[in-house]
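The lines below spell out each chain.
Protein chains: 2
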Amino acid sequence: MSVDLLVKKIKEKGNPSVAGLDPKIDYVPEYIRKKAYAEYGQNLKGACAAIWEFNKGLIDALYDIVPAVKPQSAFYEMYGLCGETVLHKTIQYAKEKGLYVILDVKRNDIGSTAEAYSKAYLGKTAVDGVEEEAFGVDCVTVNPYLGTDGVMPFVNDCKTYDKAIFALVKTSNPSSGELQDLIAGSAHIYEKVAECVNKWNADTIGESGYGAVGAVVGATYPEQAAALRKIMKQSYFLVPGYGAQGGGAKDVVPCFNCDGLGAIVNSSRGIMCAYKKGGWKEEQFAEAARAEAIRMRDELTSVIK
Amino acid sequence: MSVDLLVKKIKEKGNPSVAGLDPKIDYVPEYIRKKAYAEYGQNLKGACAAIWEFNKGLIDALYDIVPAVKPQSAFYEMYGLCGETVLHKTIQYAKEKGLYVILDVKRNDIGSTAEAYSKAYLGKTAVDGVEEEAFGVDCVTVNPYLGTDGVMPFVNDCKTYDKAIFALVKTSNPSSGELQDLIAGSAHIYEKVAECVNKWNADTIGESGYGAVGAVVGATYPEQAAALRKIMKQSYFLVPGYGAQGGGAKDVVPCFNCDGLGAIVNSSRGIMCAYKKGGWKEEQFAEAARAEAIRMRDELTSVIK
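Residue numbers (my numbering), protein chains in the order written: chain A, 1108 to 1412; chain B, 1108 to 1412.
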């Protein structure tokens, strides 16, 4: 009922980062795409075959370096049913390799529907009393716009199945301020959401000192991150926006607590497309990804100290 | 680039309602479940076989009465890959029957990821330049918490592919007020979102007078609906909360404009589980659903006048 498992893996690897698996088709090396199209056609099926080979290569190269992977559901859903199949295979393969799997789905709905989403990803689906796991990840992202009764089904499954969630608080995108930065009374909306996160998190605190309900806080807004770190002391932060989106290593420092814990920084494009920079051959995409993951680990651990 | 197609179908059927397809397994008649479990096992696969037969029966009974169906993605995702397959089949079957398909997914993310979601559901997915439709629905729901750059990819695809979206403004659930009712300056957050909807909708207005960007406004909050109707004059409202959630026919009146248009009211459980009330046999689930859809149509058209 906490994020202890993630913290354990972060400590084991000495690495507070997560590799995003957002497989846009143009991230996949051309030789893999060509081979897949030749076998399955240049269509959704061919794209999915290419993405699966790419993901598998990345996981093989990263699993002893990074504690976690974060597939972004959109980049699988866009390939339809075979995209969902690749997502499912990617989740299972990452788990087999001992990786903590954060599925970025940003789901949200009224209570009874949120419960269905939670069963899909964190819990188990009951078929007239017989339970089966549908996706079975360790953690999902959720959107808090519907309030407590849209989030509690996820929190309840965190308790039952020892899982975790990250609620969107301050997102990394340019227009995140339109609603999130509005001021209600004496606080910004993102601070109001942070107070909700504290409430949802309160009775889920584990041995690590952190609870099951974390927060998404973008590296692109370091000042807000510093304020949020003070409000949500016992919530882990999932930090997007490092690298390709413009956030630097120093920008993520405010997301961490003094103990060097409290945040996990995501890099997707930076790791997946590392082979496109610095003289690598396409065939070396996995080596390049591994080198970038190590560079990122070392950069993060140096700035946190 | 508008909601004209939906308005046309509403006028043709003389019915401003949408049948929600939220197939919880206990909504499915026992005889269908037993048959499916006997053939496929009492597991996710068996559940999906039962749900597909149920959905097909419902669509066959409703397609000449209701203008639209609204599958709720959560109740398919919870059955994993075979759930996604049933969702895909349900969408295709409903389209074949001439129904307008609103997929309730409440997706949301940063711009580049929102674009992937939009391609998945409204647009087409490009595989190195070759385009293919992944899900191909008429309309999706989106969550506005990330602001304009998370919504514009959907709006752009509405323009390109003649589709529509409904953004969450004031949701029907009990805790919707926690964030949505906060007051920023002189307006509630839901009114701030309504102003965003107007901005997103502005250059998508079609012949019907309504644009591609509609709003989700719960029947459970008629006062707020009345205020929102005045702000978003050219947005269609998707209205959940009627029936099982407690909203009555009079509660949805403020969602409509004087022309009797401007809103489409959802009923899921009321229609799907109609056979559980009033002396129907299980085998009559489709007849019962049709009778309830007709009753709802007549009730809505009488109160709108």
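The hints are simulated quantities; they were obtained by calculation from the structure and are not laboratory data.
Any given hint could be a false lead.
Because identical chains cannot be distinguished in the list, a pair is counted as satisfied if it fits within a single copy or across any two copies.
Claimed, not checked - Lysine-lysine pairs mimicking DSSO-like chemistry, simulated, CA-CA at most 27 angstroms apart: (1) 1196 to 1306; (2) 1204 to 1163; (3) 1163 to 1231; (4) 1337 to 1202; (5) 1231 to 1131; (6) 1357 to 1115; (7) 1266 to 1131; (8) 1202 to 1116; (9) 1337 to 1383; (10) 1142 to 1231; (11) 1131 to 1196; (12) 1231 to 1202; (13) 1163 to 1202.
Hints breached by this structure: The structure conflicts with hints 1, 4, 9, although it agrees with all the remaining ones.
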